[in-house]
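Asks: Starting from the given sequences, assemble the full structure and let the hints guide the process.
Count the sequence shown with the numbering used here and you get residues 1 to 313, in order.
Hint data in this document are derived by calculation from the structure and do not stem from the laboratory. It is possible that part of the hints are untrue.
[To be verified] Under the rule of at most 20 Å between Cα atoms (straight-line distance), these lysine to aspartate or glutamate pairs were calculated in the EDC-like manner: (1) Lys138 <-> Glu175; (2) Lys244 <-> Glu40; (3) Lys294 <-> Glu47; (4) Lys37 <-> Asp238; (5) Lys254 <-> Glu67; (6) Lys298 <-> Asp251; (7) Lys45 <-> Asp238; (8) Lys298 <-> Glu273; (9) Lys37 <-> Asp251; (10) Lys196 <-> Asp181; (11) Lys198 <-> Asp181; (12) Lys244 <-> Glu272; (13) Lys204 <-> Asp173; (14) Lys254 <-> Asp238; (15) Lys244 <-> Glu47; (16) Lys196 <-> Glu180; (17) Lys135 <-> Asp100; (18) Lys198 <-> Asp173; (19) Lys37 <-> Glu25; (20) Lys298 <-> Asp216; (21) Lys37 <-> Glu47; (22) Lys298 <-> Glu269; (23) Lys196 <-> Asp173; (24) Lys206 <-> Glu175; (25) Lys206 <-> Asp173; (26) Lys294 <-> Asp100; (27) Lys244 <-> Glu273.
[Unchecked claim] Label pairs and their calculated CB-CB ranges: (28) Pro96 <-> Ile297: 18 to 26 Å; (29) Tyr213 <-> Ser182: 32 to 40 Å; (30) Lys37 <-> Asp173: 49 to 57 Å; (31) Ser153 <-> Ser98: 39 to 47 Å; (32) Asp100 <-> Asn30: 36 to 44 Å; (33) Glu186 <-> Ala283: 14 to 22 Å; (34) Asp251 <-> Ala91: 34 to 42 Å; (35) Gly271 <-> Phe85: 31 to 39 Å; (36) Lys298 <-> Ser21: 44 to 52 Å.
The beta-carbon is built from N, C-alpha and C at its ideal position, and this holds for glycine as well.
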Amino acid sequence: MVCSYAVRRLAKKQHGKSYHSTEEEHLRMNIFAHHLKMIEEHNAKFEAGLVTYSLAMNHFGDMLPEEVPQLGFDTTGEMMQEPSFTFLPPANVEIPESIDWRQLGAVTPVKSQGSCGSCWAFSSTGAVEGQLFRKTGKLVSLSEQQLIDCSGSYHNTGCDGGRIYSSFTYLMDAEGLEKEDSYPYEALNGTCRYNKDKVVPGTKLKAYTNIRYRDDDALKAAVATVGPISVGVSANHDHFRFYKGGVFNGDTCKYMIDHAILLVGYGSENGEEYWLVKNSWGAAWGEGGYIRFKRSIKNICSISSMASYPVLQ
Numbered sequence: 001m002v003c004s005y006a007v008r009r010l011a012k013k014q015h016g017k018s019y020h021s022t023e024e025e026h027l028r029m030n031i032f033a034h035h036l037k038m039i040e041e042h043n044a045k046f047e048a049g050l051v052t053y054s055l056a057m058n059h060f061g062d063m064l065p066e067e068v069p070q071l072g073f074d075t076t077g078e079m080m081q082e083p084s085f086t087f088l089p090p091a092n093v094e095i096p097e098s099i100d101w102r103q104l105g106a107v108t109p110v111k112s113q114g115s116c117g118s119c120w121a122f123s124s125t126g127a128v129e130g131q132l133f134r135k136t137g138k139l140v141s142l143s144e145q146q147l148i149d150c151s152g153s154y155h156n157t158g159c160d161g162g163r164i165y166s167s168f169t170y171l172m173d174a175e176g177l178e179k180e181d182s183y184p185y186e187a188l189n190g191t192c193r194y195n196k197d198k199v200v201p202g203t204k205l206k207a208y209t210n211i212r213y214r215d216d217d218a219l220k221a222a223v224a225t226v227g228p229i230s231v232g233v234s235a236n237h238d239h240f241r242f243y244k245g246g247v248f249n250g251d252t253c254k255y256m257i258d259h260a261i262l263l264v265g266y267g268s269e270n271g272e273e274y275w276l277v278k279n280s281w282g283a284a285w286g287e288g289g290y291i292r293f294k295r296s297i298k299n300i301c302s303i304s305s306m307a308s309y310p311v312l313q
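Replies: Structure representation (structure tokens):
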């Protein structure tokens, strides 16, 4: 495939791409052009009303799927660990038709994990941030870097991947999490410098709770009555990577769970029910950093296969 000047200009100027050799540039521009064609063809279907979501070019444009660093969810043994509790939907409680924990004040601004496979840390802190808000009424941005640097002995491997339950188990043993400001994000593996005197009061855990496997109704009840929920999904496919907006129907999802994100609500638009999910790829991705998954498809992209939340002390 011979790439046009327009493709090169788009890749270099708008998306900041540069390369070490003409051979690498040729390879990367071919990949970029392939993705651009795929996006344009899909968006033509979107404009015609044939699909419910749109795509857009972004910084993944010149990468092969196996090169995408911004995943990092290690599911090895994730379901083997006995949870502290299993969520039971509350009896005699009416579950609302919609909920958005952003509007209720329980969700911090969208963050970016950069080129570090630390999605698990962002999902974990997001869930703790939500529970802390529900308990204290205060929204505090917590440190993902502390989890990256300090939870290695709990089977997490920093930027090379990690597990949500391992993060929660670490926080059951540690005194809690520091603020983002006092232990800032660096997008790389570092030496643990956690200071127990700087932890945010109330962020130590006494347990964590799993949602029943593949139970969408239980997941809906949990996010409605508990708050933001950590979930794992299948994300390493083109339509997720280049998602721009609308209700994602999961037509390109695989069975492998490879990414951790934060479920912050659900609702419907024009009769289309959706899950509202916060990603950690920055606000330029998706709908201001969020994606909506089609809720009428059971366990879409495995969203209800691996869901949990922390229980504060």
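Asks: Confirm or reject each hint.
Replies: These are the hints, each one checked on the structure:
1. Lys138 <-> Glu175: Given that 20 Å is the threshold and the Cα spacing comes to 19 Å, the pair holds.
2. Lys244 <-> Glu40: Since the Cα atoms of Lys244 and Glu40 sit roughly 12 Å apart, the hinted pair holds (cutoff 20 Å).
3. Lys294 <-> Glu47: holds, 19 Å
4. Lys37 <-> Asp238: holds, 12 Å
5. Lys254 <-> Glu67: This hinted pair holds, its Cα atoms lying about 17 Å apart.
6. Lys298 <-> Asp251: Roughly 13 Å separates the two Cα atoms, so the pair holds.
7. Lys45 <-> Asp238: With a Cα-Cα distance of about 16 Å, the restraint between Lys45 and Asp238 holds, given a limit of 20 Å.
8. Lys298 <-> Glu273: holds, 12 Å
9. Lys37 <-> Asp251: Judged against 20 Å, a Cα distance of about 18 Å means the pair holds.
10. Lys196 <-> Asp181: holds, 15 Å
11. Lys198 <-> Asp181: The given pair, whose Cα atoms are some 11 Å apart, holds under the 20 Å limit.
12. Lys244 <-> Glu272: Holds. Lys244 to Glu272 sits at ~17 Å (cutoff 20 Å).
13. Lys204 <-> Asp173: holds, 8 Å
14. Lys254 <-> Asp238: holds, 11 Å
15. Lys244 <-> Glu47: Holds, at roughly 13 Å.
16. Lys196 <-> Glu180: holds, 14 Å
17. Lys135 <-> Asp100: holds, 17 Å
18. Lys198 <-> Asp173: holds, 16 Å
19. Lys37 <-> Glu25: Measuring from Cα to Cα gives roughly 18 Å; hence the hint holds.
20. Lys298 <-> Asp216: holds, 7 Å
21. Lys37 <-> Glu47: holds, 15 Å
22. Lys298 <-> Glu269: holds, 18 Å
23. Lys196 <-> Asp173: Holds - the C-alpha atoms of Asp173 and Lys196 are around 12 Å apart, at most 20 Å.
24. Lys206 <-> Glu175: holds, 11 Å
25. Lys206 <-> Asp173: holds, 9 Å
26. Lys294 <-> Asp100: holds, 16 Å
27. Lys244 <-> Glu273: Since the Cα atoms of Lys244 and Glu273 sit roughly 18 Å apart, the hinted pair holds (cutoff 20 Å).
28. Pro96 <-> Ile297: 18 to 26 Å: holds, 21 Å
29. Tyr213 <-> Ser182: 32 to 40 Å: Distance hint for Tyr213, Ser182 holds at roughly 37 Å.
30. Lys37 <-> Asp173: 49 to 57 Å: holds, 50 Å
31. Ser153 <-> Ser98: 39 to 47 Å: holds, 41 Å
32. Asp100 <-> Asn30: 36 to 44 Å: holds, 41 Å
33. Glu186 <-> Ala283: 14 to 22 Å: holds, 20 Å
34. Asp251 <-> Ala91: 34 to 42 Å: Holds: the Cβ-Cβ distance is about 37 Å, inside 34 to 42 Å.
35. Gly271 <-> Phe85: 31 to 39 Å: At roughly 35 Å between Cβ atoms, Phe85 and Gly271 fall inside 31 to 39 Å, so the hint holds.
36. Lys298 <-> Ser21: 44 to 52 Å: For Lys298 and Ser21 the Cβ distance comes to about 48 Å; the hint holds.
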